[in-house]
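Student: Residue-level listing of the chains:
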Amino acid sequence: MQLKTPAARRYLKRFVPTMIGYVVTVMTTSLAVAWFQPTGAALIALSILPAIAIIAMLAVIGLYVREETDEYLRQRIITAMLFGIGVVLAVSAVLGFLQIYHAIGQIDVFWAFPIWCASWGAAQCLMTWRDRVGADA
Amino acid sequence: MNNRLRVLRAERAWSQQDLAERLEVSRQSVNAIETGRYDPSLPLAFKIADLFGLAIEEIFLNPAKETDQ
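Chains as they are written, first to last, in my numbering: chain A, 1 to 137; chain B, 1 to 69.
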């Protein structure tokens with residue numbers, strides 16, 4: 001992501017506190033579950049807390065896409081996101097069938113978001129490299 | 001889409017960054033348009049045409065006419 005545009009700077013200002021919120025809620029939840037060993041509704045409520053931060057991150061990303069006025073950068077980031085979604089769906093399909101036929105054990109659904117982020121980042125890096133190759137002074 | 005943006009820019013001794021600032025877009029956008037990897041929207045195409053004082057079709061080559069030739 002190019003941080004030179006006003007929308008990208010706003011994105012960063014929103015993303016950092018959201019990311020800090022995610023880290024804090026993950027640590028707090030982990031400690032609370034370990035110490036208090038809650039059950040039932042309390043456990044469900046605690047477990048959902050870190051997910052709320054991830055949902056907030058998605059909202060922050062959505063706001064950036066809506067606010068970015070540079071149409072090429074917007075198209076590029078959406079392309080990278082779609083690539084990430086494709087990777088997540090492909091991995092889900094492969095792992096899903098491996099699980100259906102008992103070739104592998106349980107894999108946490110939690111990994112979908114990190115895989116999406118990593119794939120999106122890889123696609124962004126590739127497109128940034130492509131842009132640099134074609135650039136002049 | 002093929003275009004004459006690089007030539008027009010060179011005639012004015014503008015860098016991609018110079019042109020990007022005049023168009024209020026990123027340098028990456030200018031680069032992508034010049035190399036034909038990205039076709040600008042109609043509003044951006046008009047902005048480019050206005051900047052160079054030309055008609056859109058004098059900057060961007062009609063793909064249909066290119067294949068006819």
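Just so you know, these hints were derived from the structure itself, not from any lab.
Small disclaimer: the values here were computed from a predicted structure and weren't measured.
Mixed in with the good hints, there may be bad ones.
Reference listing, derived: stretches of chain B covered by chain A, where coverage requires no fewer than 3 residues with Cβ under 8 Å from a Cβ of chain A [claimed, not checked]: (1) 27-33; (2) 39-46.
Some chain A residues well away from chain B (every beta-carbon gap over 12 Å; in silico) [to be verified]: (3) A8; (4) R10; (5) T29; (6) A41; (7) L43; (8) I48; (9) V65; (10) L89; (11) S92; (12) Y101; (13) D108; (14) C117; (15) G121; (16) M127; (17) D131; (18) V133.
Even glycine gets a Cβ: it sits at the ideal position worked out from N, Cα and C.
Student: Determine for every hint whether it applies to the structure shown.
Tutor: Hints, verified against the model:
no.: 1; hint: 27-33; in the structure: holds (count 6)
no.: 2; hint: 39-46; in the structure: holds (count 3)
no.: 3; hint: A8; in the structure: 10 Å, violated
no.: 4; hint: R10; in the structure: 16 Å, holds
no.: 5; hint: T29; in the structure: 39 Å, holds
no.: 6; hint: A41; in the structure: 49 Å, holds
no.: 7; hint: L43; in the structure: 47 Å, holds
no.: 8; hint: I48; in the structure: 38 Å, holds
no.: 9; hint: V65; in the structure: 15 Å, holds
no.: 10; hint: L89; in the structure: 26 Å, holds
no.: 11; hint: S92; in the structure: 31 Å, holds
no.: 12; hint: Y101; in the structure: 42 Å, holds
no.: 13; hint: D108; in the structure: 37 Å, holds
no.: 14; hint: C117; in the structure: 21 Å, holds
no.: 15; hint: G121; in the structure: 17 Å, holds
no.: 16; hint: M127; in the structure: 9 Å, violated
no.: 17; hint: D131; in the structure: 5 Å, violated
no.: 18; hint: V133; in the structure: 10 Å, violated
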